[in-house]
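Assemble the whole structure, with the sequences as input and the hints as a guide.
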Amino acid sequence: MRAIGLVLASVGLAVLAAAWTGAPARGGASTRAEIGIHFSHYTPSEIVATAGVPITVTLVNTDPIEHEWLVGDAAFHQRHRTGTEQHHGARPNEVSLAPGESKTTTVVFDAPGEYLYICHLPGHEAYGMVGVLKVLPAS
Amino acid sequence: MRSITRAGRRPIALAAGLLLVAISAAPALACGGLIGPNGAVNLLRTTTLAGYHDGVEHYVTAFQFAGGGGAFGSLTPLPGVPTSVEKGGDWTLQRLIRETDPPVPEAALFAAASASDRAEVLMQVKIDALDLTVLKGGAEEVGTWATDHGFRLPPDAPEVLDFYAQRSPIFLAAAFDADAAAARGQNIGDGTPVHISIPTDNPWVPLRILSLGKTQNEVVQADVYMLTDQSPAMLPYPDGSNGMTLQHSAPATDQLLSDLHSDRGMDWVPDKGWLTKIRIDAQAPQLSYDLAVDVTGANAPSRVAAGLEMPGASDPAVMAAIRWFAGMSFVGLGIGAVIWLIAKHQIESGLRPA
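Protein chains in written order, with our numbering: chain F, 45 to 183; chain C, 15 to 368.
To be clear, the hints were calculated from the coordinates, so they are not data collected in a lab.
Given the structure is predicted, the values throughout are model-derived calculations rather than measurements.
Careful, some of the hints might be misleading.
[What the hints assert, rightly or not] Taking lysine to any residue and the SDA-like style, the derived pairs with C-alpha atoms no more than 20 Å apart in a straight line are: (1) Lys150(C) <-> Pro143(F); (2) Lys228(C) <-> Tyr171(F); (3) Lys228(C) <-> Val174(F); (4) Lys286(C) <-> Ser276(C); (5) Lys228(C) <-> His82(F); (6) Lys228(C) <-> Ala170(F); (7) Lys228(C) <-> Glu169(F).
Structure below.
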């Protein structure tokens, strides 16, 4: 029994070490995600959800400037690139964040595909504030 | 500003050296970090003149009125806390530029913001239509201060402010009120010179700030003038490969020094000096450094002052390697323990009587 315990402990230690060294976890759909915003970049820049299943996203802006998290298809982003809306918040897939602010929103996409999330404040998309929400088929 | 008599200055100058720097950048807001709420970018061109002598770095800057209305400006990182911010000489910048470039460009410089909050406000000065504020704080505090005062920072501002705040958490915010300038009767092209005196043992010239708000494909163009007692040691060296080119390096003429010395607030300029001109013509992403200058004669400009190395920072690649090695050691220990236990079990089984 003692040997088995030691073996399990060793394997656990190895797993912990592997995680500590940054080995990526297996990707999969989630119902919750946290996206940090630092130096005008999203981390992570990719999250995964399931079609028809809501995903609750917590956005944490640690920058001293305003940012946005707008997620949608290509037509949606094209509208926002030329839009004049100063502040977002009425729709769950359009979030404005004040400096240092955190917000939580829940979105759901029925169709599988890749939906970009972008900050459309001037210059932010070009600077790299782009990520992707991958929506996997439900089955 | 520290007052130094002409007679007493010379021996100090021989030992300590003097640095005089001028930056004239053609693009609007080249030194700017802040864009006004209305998005207007009204600065025609920015020019900075900074000097180092007897442990005091001097910046002479000018904010040029380019018409329009509203408020706009920028942030300038400083190597230390200023002892004074006052109106500068009227023609120092132009005279220095004319020394190496006969056609005199219009002058103007380091522009910026207004009031305060979480950042500590060390000094507030109003010069003509300019509201100048010296701030102390980290990137977040200074950025928040600027945002709270109505200016929209570009997306690279958090990282660039952090780049500077790690080395010196002192910034000069200057808000230019175009409406006030117009009310004062200032014409387009009129500049407001400002002279900032900063005691410091480690002078450097902020260059990365020139790329603030610029996209990957934009170019930063500026001229940097330095006047030292002897040929200065610089880091990075302007060899042309890093976006900087050495264009002039020679003893300063007596006439130049005399002219500079006679302008308002410029009595700190010594009798002898070495004039250097560096042309900056870099892609914005290329300008990831500042200009460190060694005026002690030790020929050892600071990598930290140049922004090539953060104070006390460890190399991320080294840290990653250490983490990987430590992690793999744990894995190895775990595997070794398993092998040892299996071997021990087999030995004990083999020795056990049937």
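Cross-check of the supplied hints:
1. Lys150(C) <-> Pro143(F): Holds, at roughly 19 Å.
2. Lys228(C) <-> Tyr171(F): holds, 10 Å
3. Lys228(C) <-> Val174(F): holds, 18 Å
4. Lys286(C) <-> Ser276(C): holds, 14 Å
5. Lys228(C) <-> His82(F): holds, 19 Å
6. Lys228(C) <-> Ala170(F): Within the cut-off at roughly 10 Å; holds.
7. Lys228(C) <-> Glu169(F): Satisfied, since the Cα-Cα distance of roughly 13 Å is no more than 20 Å.
Of the numbered hints listed earlier, not one is contradicted by the structure.
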